[in-house]
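Colleague: Guided by the hints, dock chain B onto chain A, whose structure is given.
Chain order of the listed sequences is A and B. Per the numbering used here, the very first residue in the first sequence carries number 1; after that it's consecutive. Per the numbering used here, the very first residue in the second sequence carries number 1; after that it's consecutive.
What the hints contain is simulated information worked out from the structure, not anything from laboratory work. Heads up, the beta-carbon is just placed ideally off N, CA and C, and yes, glycines get one too. Fair warning: there could be bad hints in the mix.
[What the hints assert, rightly or not] Quick list of the computed label-pair ranges, beta carbon to beta carbon:
#, chain 1, residue 1, chain 2, residue 2, range
1, B, Thr92, A, Gly260, 34 to 44 Å
2, A, Asp315, B, Asp104, 25 to 35 Å
3, B, Thr92, A, Ser417, 55 to 65 Å
4, A, Arg88, B, Pro53, 54 to 64 Å
5, B, Gly49, A, Pro57, 16 to 26 Å
6, B, Leu5, A, Gly393, 54 to 64 Å
7, B, Leu5, A, Val16, 39 to 49 Å
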Amino acid sequence: MIPVLAIVLAPLGLSVLCVLLPGLAAALPALAYSATASWSIWMLYSGQVFDFRLLGPFGVSLLADSAAAWFVLANASVSLGVLLYLRRKSYPPFFHSLLVMLHGGLNACFLSYDLFNLYVVIELTTIIAFLLVIHPMQDRHLWNGLRYLFISNVGMLFYLIGAVMVYEATGSFAVDRLTHAHPAAAALIMAGLMVKGGVFIPGLWLPMAHGEADTPVSAVLSGVVVKIGVLPLLRFAALSDGLDLTVRLLGVGSALMGIGFALFQKDVKRLLACSTLSQIGFILAAPPVGAFYAFAHGAAKSSLFLGVSGLPTRDLTKLKNAPVQWQVWTAMMIAVFSVCGIPLLAGFSAKTETFAGFHPWQVPFMTAAAVGTALILARILIVPLKTGPPPAGFARDAALLLTGFLLIPGVITGPFSSSEWFKAAGVAGAGWAIHLLGVGRLARVRLPGRWERLEELVGMTCVVLLALMLFGVRS
Amino acid sequence: MIKLLILATILIGLLGVLLKRNLLLKILAMDVMGTGIISLFVLAASRNGNRTPTVIPNPPDAYADPVPQAVILTAIVIGFSILSLLLVCATTLAKRYPTLDSHDIEGRSDP
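Isolated chain A (complex conformation) (with noise of 0.2 Å):
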């Protein structure tokens, strides 16, 4: 139970060291962030489950098993893979304390078994992922944060009126409660957390909070921070079978509509926000093993973000011909091989079990996404290269890092079966066959942007919940 509380508690407290001492902010965050990630794999290997409750009946209650532990381990290689980005840049001590902060409250979120302390959590969590978008104070940068504040703040503000709903009904806010409540409680929950975890059509606002944000705040919104929406709507689907096809038909939706949205775009970042919509939808597909599938994703995602900032250009058509230097192009590389799923890395085991979880009506649609996203994401694959130092922006210690993080993962567990690595072979085959015909062109073509508005996200939001409870979600 204290390892437990201490990798909640321990970053909260070394946040506020952070500011009392700004001249060891930039190295204090790696007790916290090494804690956690030995704790995680601590669990990972001796596949306990830690189910308690603090204080009483009315208490907070905490769940640690390992879908929790894989969630905490991908937060601890983000967290670490962005704190090695930052040491040769001058960010400021409270940057700093921000993202430690940021890291106890995801690993609070995590844990957390029940409706209101997962709310709590959530917000906190929110906030502080405000702050760092804000934090260079420019417009866009200000206009960004109010956007993504306020969408959040709605969806929870639909997922308050559930929770009461199950309180009223069952006199708990336990997450398993959520079955004896009236389904439209379960809609109200789900759709307050598909704002937050991105998750198909509500999560639409991605595409521009994660693009626009600076380098590191990217990297850890889409490596962790979207993923506090995504744990709980995976322990959802494990609670009853209506609830468990809810979750795969919307990760079957948010899959194909992350790629169709990914054809268009012409900016790097932007493509990488569409490419997590996506993943995300791989992770709810298949609710049971879903767990690593985040983890694999959070690493690659993160280490792919954090590479863009050693391209010469953002925009996709002029990057086709700007050299990219090869540190660079092979740390993205590997990212790359490892979300389309290439043996040997963390995201081939992922995508191999994700697979073996699917019902058999979601295998094609499935195959489709996953030719989609060695498509999309052939791109920034398929460049000029060039040789000499690396530029200044590019981070090669939290390149190695996260490059670890896939690949031991993926050298223990990977399934080594001739059949699967010829089926990822053929898949990533033929997305970057579909490549080369010539569809990088699309992105010429300009979507119309009234989707990413704030009242057209707010309403899509609610068309989805009103769908959610008509016919979705049946306990």
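Modeller: Relative to chain A, chain B alone:
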């Protein structure tokens, strides 16, 4: 009856969020929605009784359920801090652009 009024408050707030173009009014409409939800928790607490939940010998009538009241206190604080952050952000934007019309700001911050 009270429940219907509370649900109407939440709906009015939601309509304000959807239909108002002025950023400040949009944010305040969101707070109206939040107020409705807080009342929903208070209503849930008073289902069995209204007396303050303190321990006294021979209570004259049933007491209110303390759990929803306790948790909504946290939600009020969170809602308040988010509201203040949003308002600070909106006023700073309004000073720089200078407009409060959300469509105008969106049009200009497009990359």
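Colleague: Could you run down the list of hints and mark each one as holding or not?
Modeller: Here is what the structure says about each hint:
no.	hint	in the structure
1	B:Thr92 - A:Gly260: 34 to 44 Å	holds (35 Å)
2	A:Asp315 - B:Asp104: 25 to 35 Å	holds (26 Å)
3	B:Thr92 - A:Ser417: 55 to 65 Å	holds (57 Å)
4	A:Arg88 - B:Pro53: 54 to 64 Å	holds (57 Å)
5	B:Gly49 - A:Pro57: 16 to 26 Å	holds (20 Å)
6	B:Leu5 - A:Gly393: 54 to 64 Å	holds (56 Å)
7	B:Leu5 - A:Val16: 39 to 49 Å	holds (44 Å)
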